[in-house]
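Visitor: Here is how the chains run, residue by residue.
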Amino acid sequence: MTQTLNEIPDFKTLSPRVDQVGVEERVARFNTRSIKKDSKMYALKLALSMVDLTTLEGMDSPGKVRQLCYKAMHPHEKLEDIPKVAAVCVYPSFVRLAKETLSGSGINVASVATAFPSGWAPMKAKLDEVRYCVDEGADEIDMVISRGEFLKGNYGYIYDEVAAVKEACGSAHLKVILETGELQTLDNVRRASDISMYAGADFIKTSTGKISPAATQPVTLVMLEAIRDFYYKTGKKIGMKPAGGIRDAKLAIRYLVMVKETLGIDWLDPDLFRFGASSLANDLLMQIVKQQTGAYQSLDYFSKD
Amino acid sequence: MLKETELKRPNRLNFTGGWNYDPAPESASNVKLKETYQHFINGKFTEPEEGKYFATLNPATEEKLADVADGSAADVDAAVKAARNGYNKYWSKLSGRDRARYIYRIARMIQERAREFAIIESLDGGKPIRESRDVDVPLSAAYFFYYAGWADKLEYAFPNRNPKPVGVAGQIIPWNFPLMMAAWKIAPALAAGNTVVLKPAETTPLTCLKLAEIIQEADLPPGVVNFVTGAGATGSEIVSHPDIDKVAFTGSTKVGKMIHKSVAGTNKKLTLELGGKAANIVMDDAPLDQAVEGIVNGIFFNQGHVCCAGSRLFVQEGVADTVRDKLIDRMESLIVGDPLDKNTDIGAINSQKQLQTINNYLELGLNEGGEIYQSSCPIPDKGYWVAPTLIGNVSQSHRIVQEEIFGPVLTIQTFRTPAEVIEKANNTPYGLSGGVWTDKGSKIFNLTSQLRAGVVWANTYNKFDPTSPFGGYKESGIGREGGLHGLSAYLKF
Amino acid sequence: MADRLDIQKTYKMYVGGAFIRSESGHYYPLTGKGGKLTANICLATRKDFRDAVTKARGAQEKWAGRSAYNRGQILYRIAEMMEGRKDQFIAELVREGLTKKQAEKETLATIDRVVYFAGWTDKYTQLFSTVNPVQSSHFNFSLPEPMGVVVVMAPEKPSLLGLVSSILPAIVGGNTVIALASTGAPLSALTFSEILHSSDVPGGVINILTGKTEDLAEHFSTHMDVNAVVYAREDESMLHQIQENATGNLKRVYHVWYKDWYSDEVDNPYAIADLQETKTTWHPVGI
Numbered sequence: 001m002t003q004t005l006n007e008i009p010d011f012k013t014l015s016p017r018v019d020q021v022g023v024e025e026r027v028a029r030f031n032t033r034s035i036k037k038d039s040k041m042y043a044l045k046l047a048l049s050m051v052d053l054t055t056l057e058g059m060d061s062p063g064k065v066r067q068l069c070y071k072a073m074h075p076h077e078k079l080e081d082i083p084k085v086a087a088v089c090v091y092p093s094f095v096r097l098a099k100e101t102l103s104g105s106g107i108n109v110a111s112v113a114t115a116f117p118s119g120w121a122p123m124k125a126k127l128d129e130v131r132y133c134v135d136e137g138a139d140e141i142d143m144v145i146s147r148g149e150f151l152k153g154n155y156g157y158i159y160d161e162v163a164a165v166k167e168a169c170g171s172a173h174l175k176v177i178l179e180t181g182e183l184q185t186l187d188n189v190r191r192a193s194d195i196s197m198y199a200g201a202d203f204i205k206t207s208t209g210k211i212s213p214a215a216t217q218p219v220t221l222v223m224l225e226a227i228r229d230f231y232y233k234t235g236k237k238i239g240m241k242p243a244g245g246i247r248d249a250k251l252a253i254r255y256l257v258m259v260k261e262t263l264g265i266d267w268l269d270p271d272l273f274r275f276g277a278s279s280l281a282n283d284l285l286m287q288i289v290k291q292q293t294g295a296y297q298s299l300d301y302f303s304k305d
Numbered sequence: 001m002l003k004e005t006e007l008k009r010p011n012r013l014n015f016t017g018g019w020n021y022d023p024a025p026e027s028a029s030n031v032k033l034k035e036t037y038q039h040f041i042n043g044k045f046t047e048p049e050e051g052k053y054f055a056t057l058n059p060a061t062e063e064k065l066a067d068v069a070d071g072s073a074a075d076v077d078a079a080v081k082a083a084r085n086g087y088n089k090y091w092s093k094l095s096g097r098d099r100a101r102y103i104y105r106i107a108r109m110i111q112e113r114a115r116e117f118a119i120i121e122s123l124d125g126g127k128p129i130r131e132s133r134d135v136d137v138p139l140s141a142a143y144f145f146y147y148a149g150w151a152d153k154l155e156y157a158f159p160n161r162n163p164k165p166v167g168v169a170g171q172i173i174p175w176n177f178p179l180m181m182a183a184w185k186i187a188p189a190l191a192a193g194n195t196v197v198l199k200p201a202e203t204t205p206l207t208c209l210k211l212a213e214i215i216q217e218a219d220l221p222p223g224v225v226n227f228v229t230g231a232g233a234t235g236s237e238i239v240s241h242p243d244i245d246k247v248a249f250t251g252s253t254k255v256g257k258m259i260h261k262s263v264a265g266t267n268k269k270l271t272l273e274l275g276g277k278a279a280n281i282v283m284d285d286a287p288l289d290q291a292v293e294g295i296v297n298g299i300f301f302n303q304g305h306v307c308c309a310g311s312r313l314f315v316q317e318g319v320a321d322t323v324r325d326k327l328i329d330r331m332e333s334l335i336v337g338d339p340l341d342k343n344t345d346i347g348a349i350n351s352q353k354q355l356q357t358i359n360n361y362l363e364l365g366l367n368e369g370g371e372i373y374q375s376s377c378p379i380p381d382k383g384y385w386v387a388p389t390l391i392g393n394v395s396q397s398h399r400i401v402q403e404e405i406f407g408p409v410l411t412i413q414t415f416r417t418p419a420e421v422i423e424k425a426n427n428t429p430y431g432l433s434g435g436v437w438t439d440k441g442s443k444i445f446n447l448t449s450q451l452r453a454g455v456v457w458a459n460t461y462n463k464f465d466p467t468s469p470f471g472g473y474k475e476s477g478i479g480r481e482g483g484l485h486g487l488s489a490y491l492k493f
Numbered sequence: 001m002a003d004r005l006d007i008q009k010t011y012k013m014y015v016g017g018a019f020i021r022s023e024s025g026h027y028y029p030l031t032g033k034g035g036k037l038t039a040n041i042c043l044a045t046r047k048d049f050r051d052a053v054t055k056a057r058g059a060q061e062k063w064a065g066r067s068a069y070n071r072g073q074i075l076y077r078i079a080e081m082m083e084g085r086k087d088q089f090i091a092e093l094v095r096e097g098l099t100k101k102q103a104e105k106e107t108l109a110t111i112d113r114v115v116y117f118a119g120w121t122d123k124y125t126q127l128f129s130t131v132n133p134v135q136s137s138h139f140n141f142s143l144p145e146p147m148g149v150v151v152v153m154a155p156e157k158p159s160l161l162g163l164v165s166s167i168l169p170a171i172v173g174g175n176t177v178i179a180l181a182s183t184g185a186p187l188s189a190l191t192f193s194e195i196l197h198s199s200d201v202p203g204g205v206i207n208i209l210t211g212k213t214e215d216l217a218e219h220f221s222t223h224m225d226v227n228a229v230v231y232a233r234e235d236e237s238m239l240h241q242i243q244e245n246a247t248g249n250l251k252r253v254y255h256v257w258y259k260d261w262y263s264d265e266v267d268n269p270y271a272i273a274d275l276q277e278t279k280t281t282w283h284p285v286g287i
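Protein chains in written order, with the working numbering: chain A, 1 to 305; chain B, 1 to 493; chain C, 1 to 287.
A hint or two may mislead.
Derived list of chain B stretches under chain A, where covered just means 3 residues or more per stretch with a C-beta under 8 Å from a C-beta of chain A [unchecked claim]:
{"hint": "1", "segment": "13–22"}
{"hint": "2", "segment": "278–287"}
No more than 16 Å apart at the CA atoms, straight line, and that leaves these computed lysine to aspartate or glutamate pairs for EDC-like [unchecked claim]:
{"hint": "3", "chain 1": "A", "residue 1": "37", "chain 2": "B", "residue 2": "22"}
{"hint": "4", "chain 1": "A", "residue 1": "64", "chain 2": "A", "residue 2": "80"}
{"hint": "5", "chain 1": "B", "residue 1": "463", "chain 2": "A", "residue 2": "25"}
Source of the hints: derived by calculation from the structure; they are not laboratory data. C-beta atoms are modelled at their ideal positions from N, C-alpha and C, and glycine is treated no differently.
Whole structure, please, built from the sequences with the hints as guidance.
Guide: Right, dumping it as structure tokens:
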């Protein structure tokens, strides 16, 4: 049974409250999970398959994007039987190049849009940017919400904006970046998650990576719980993408533990969970080699792109 | 058992298959247990007078860990004499500052050997290593550390009262938190200037005997702390010994009442920390996901072998289905099994006897018409286990709602108004603890002040701290442990 | 008018704000000098006690719920009214065998004690509360709360001062009381009840029975709805019996005994604390 969403809920009362200390205690408990041996290898490979390899710098160049795409397709030549990453995430100007480079690889191209990272642009400009990215071949659009409007309590604005972008996306998947570092409280994170999902987000995402703090475990847990409630209510499975700040394999595995024990195994899938990260991939690879050989690894042996 | 279809949930989460955690056992290789443990009397490990021993088992494997001395009247008498001597000759002559130094030493040495203590606690008692490592042992050290600091400041704790030690304290502790209960008892007693004869529970004596080693290494004067091991008979020898000045007991209300009767008419001071049947109340405006976690901590912490466990869940009707569904999904992700595995959430039931008690209650619950839901986690073949259990369709008159089960068994009832739930929550002879979950500040203070219980957790559950007084109203006990309040039990004025 | 016959006072018990005779109709004679009858005193039965517990339980929550300031004012009002009727107390104590001087001393000491304890209502909580600096991110505090219904077995002597001194710590702390007055000298207890009745002490907060300990001690200590017993008498064997009986519901038993009820040591807030439970409350501190 799936409930249809006939009307827009009242976002001032929809979201349950969140107790910060309780969330932090829950996270601490997740972090006591000890992942060893085969289950560790499984997790490392799973995490690698969930990486959105990302470059979002002012100094990005076609060469850098090409290298990144190559890394996405061939994470580590010396290793067999390792997965490809899920997607490459670039600015709109590089979508076409990335799409061409990744052609046939099965790796998606994601592009940030809607005046990333601040979101300060006229609505029309944002929608034009989204359409441009889709036209250029983007499979996934990572939009930002207007935090200024959200913090004013203008929740209807956020709903409309996400819904409009969703429409502009067409068949492309929409990831909604909440920029949780600017929302500050977990209650806000929860509310922004709910609004985004009701407005049509396919994924909700923590951060642009340009604001500190970026993804944190408590924020991610609150978003996973929002996804869970949305699923209970509607039967729709929304994806989750923590982005920024997840640099090592150990932390990535802790995120996977949260996903598994909050949403169950269905979400342990690149279609429903992603890591937005650039340096994480190499640490995952190092750990995979370490698991295979027993020897601790050096970054000098892993290509940096 | 409650069937899936009866749960009426269309969108279930799937927790089986896929990525499973490999076993991650804590290595017990550097833990050395002796084959036989004697009493610890007058600073020395001492053979039992009658030469009798009993076995202490690992409840997860049913294998014997060690033989432990069975205390007779003569052993208790020797321990009390040693304690009296220790009091007269050494402890009462030390300054508060010097007593503090010894107690600080004990705290530090527990910290140094923390992992070893945690492993032994889990081996002997069945609790998950995650809890013994993260809760029992660090808190035990913290209690010693906290009370050490009081030893030379007692005048400030009780102004105008001229506090003096009571003398020799006889202390009897339960099997659910063996080391921590020893710390709760010994630390304030020593700080206040008393000497101690302590009996650990018969199923979990080992960490106390390890603590005896520390007390030896810390060079405490002989007789200041004595351990006599044994079962109920040994305990009653301590209670009735004429040269005991103070009795402190943690355990069942039934035994607590026997002790209460036995010390009537004597001048022995008495503190009792007894059973409970706490209400955990979830209002419809609560932070629900954290409440579910609090419910889980409330009842499944330490296999539910907790006197203050939130064993009666009350959920306001508007969110009752949601909370139940979330709880069932959460229960599915709990891991039952090897206490030494770092990923274990729920360890072994402490003894076969306790397992039988819990199973009897489950049967009773079924017979009384309860709807029982148990998580589907796999359970080991050997050892004593109970899967996390939820029982619905019950009311105040059900025995499983009234009586302390002391296992991972939660009853769930619904309510509509605050007045209704407070009436139900207080409708028990117990009064140890309670929980309230709501987002509204004024509602929190209203509800917590109406609960007739000594410890109330609002938007949290099962938290303990050396600075925080703990103890019950009504039949849940007499007196407080922890904090400044906990000192007065060991002083006369 | 020399031949006018005295109007003799009927000494009743005070339960639930009403003056009652024993349900049994039983009484015992109180005799003065030369064996002359002073008054007939009600002999409380277990049923009278049972009714008193019901009244005390019924009044407890509201009494505890009054503001500390208000409880203080009510207690102070008792002192004011006693002051106004001190001659009557003195006369009664004299009828029971005290000299005028002794009676005056006892009456004034009693009034002073009421004033002393009246001042504690809004202060003891501050003395006996703590904010506990726990390691985790929680606000943690411990407060005293009244135990509930308290039985007070007042001393034989000094009859008025002993009765009032052993009731006050319970009342100050929000408990309600059923007190057994001195058996040999119960007269002033009734006058004290009249003071309670006409001051603002709500009915049921203080209930005063007269009678004999041997009839009542067992019921005092076995009643399952009594939370504590204050035993302010000397007989240790009865204390022992009460302690044993108290096991039924683990009621708290306090032996309160002062060689000198006039001494400053009776002016002691720790007596209030003895009749309080400590409640510890935890709450997270977060955003």
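Visitor: Hints first: check each against the structure and report whether it holds.
Guide: Status of each hint after checking the structure:
{"no.": "1", "hint": "13–22", "in the structure": "holds (count 10)"}
{"no.": "2", "hint": "278–287", "in the structure": "holds (count 3)"}
{"no.": "3", "hint": "37/A - 22/B", "in the structure": "holds (7 Å)"}
{"no.": "4", "hint": "64/A - 80/A", "in the structure": "violated (25 Å)"}
{"no.": "5", "hint": "463/B - 25/A", "in the structure": "holds (11 Å)"}
When each numbered hint is compared with the structure, a violation occurs for hint 4 only.
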